[in-house]
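**Q** Sequences and hints are given; from them, build the entire structure.
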Amino acid sequence: MDSTKTNTETTINMPESKSTKGKAMAYTAITNATPHRQGGWKRGVAIFDFILRICALVAALVATTTMGTTDQTLPFFTQFFQFQASYDDLPTFTFFVVANAIASGYLVLSLPFSIIGIVRPHAAGIKLLLLILDTVLVAFTAAAAASAAAIVYLAHNGNSTTNWLAICQQFTDFCQKVSGAVVASFIAAAIFIFLVVLSAVALRRH
Numbered sequence: 001m002d003s004t005k006t007n008t009e010t011t012i013n014m015p016e017s018k019s020t021k022g023k024a025m026a027y028t029a030i031t032n033a034t035p036h037r038q039g040g041w042k043r044g045v046a047i048f049d050f051i052l053r054i055c056a057l058v059a060a061l062v063a064t065t066t067m068g069t070t071d072q073t074l075p076f077f078t079q080f081f082q083f084q085a086s087y088d089d090l091p092t093f094t095f096f097v098v099a100n101a102i103a104s105g106y107l108v109l110s111l112p113f114s115i116i117g118i119v120r121p122h123a124a125g126i127k128l129l130l131l132i133l134d135t136v137l138v139a140f141t142a143a144a145a146a147s148a149a150a151i152v153y154l155a156h157n158g159n160s161t162t163n164w165l166a167i168c169q170q171f172t173d174f175c176q177k178v179s180g181a182v183v184a185s186f187i188a189a190a191i192f193i194f195l196v197v198l199s200a201v202a203l204r205r206h
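Oh and the sequence shown: position 151 is 151 in the UniProt record's numbering, straight run, nothing missing.
Honestly, I wouldn't trust all of these hints.
As the list claims (entries may be wrong) - The calculated label-pair distances, taken between Cβ atoms and stated as ranges, are:
{"#": "1", "residue 1": "Leu-129", "residue 2": "Cys-55", "range": "19 to 29 Å"}
{"#": "2", "residue 1": "Ile-116", "residue 2": "Ala-200", "range": "17 to 27 Å"}
{"#": "3", "residue 1": "Leu-154", "residue 2": "Arg-120", "range": "46 to 56 Å"}
Said to hold, decoys possible - Derived lysine to aspartate or glutamate pairs resembling EDC-like cross-links, with alpha carbons at most 20 Å apart:
{"#": "4", "residue 1": "Lys-177", "residue 2": "Asp-88"}
{"#": "5", "residue 1": "Lys-177", "residue 2": "Asp-71"}
{"#": "6", "residue 1": "Lys-177", "residue 2": "Asp-89"}
Calculated directly from the structure, the hints in this document are not laboratory data.
Even glycine gets a Cβ: it sits at the ideal position worked out from N, Cα and C.
**A** Spelled out as structure tokens, the structure:
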């Protein structure tokens, strides 16, 4: 007689230890939480970037309007000569107004891109574009502010070697306004520098 042997396979289920379960759950929680933490950090940087751009816009607009409306006429004058000082008498001040006006226009146009950076904090292309343009505007506004500051210094102190008189002793209002405009422009340039550093850090941590 043929005997038939039936082979059966036995599967042994080993219970998973509590420590293994705990490690797996902790790893899953850390993995899931990491993108949220990174996104939250980048969103916070983008919000700060937006606030700084508004501050720079205010500073650039103040510099532009203050310098562009600076004009003073002394109360005493003769029939053939009148003492008057205006920003457009000096090409340096004219360049100052144009440079800060361009910076103001750029900041207005950059605000929508900054908002996109808040909505999409992981978008590196927008940050790189703003980083390049911000770097250009740093040089632009700093050059305008520095050149205007040199003229303001001469207006306050004069230069005895070249016989340049200190006109601020007579044109006090004119010098106060142009000095305030130069300070506002330096503030805008400093904010641009901070924006460049902030964008570079955000791209480095991307």
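**Q** Does each hint fit the structure? Answer for all of them.
**A** Do the hints match the structure? See the list:
no.: 1; hint: Leu-129 - Cys-55: 19 to 29 Å; verdict: holds (21 Å)
no.: 2; hint: Ile-116 - Ala-200: 17 to 27 Å; verdict: holds (19 Å)
no.: 3; hint: Leu-154 - Arg-120: 46 to 56 Å; verdict: holds (49 Å)
no.: 4; hint: Lys-177 - Asp-88; verdict: holds (14 Å)
no.: 5; hint: Lys-177 - Asp-71; verdict: holds (9 Å)
no.: 6; hint: Lys-177 - Asp-89; verdict: holds (15 Å)
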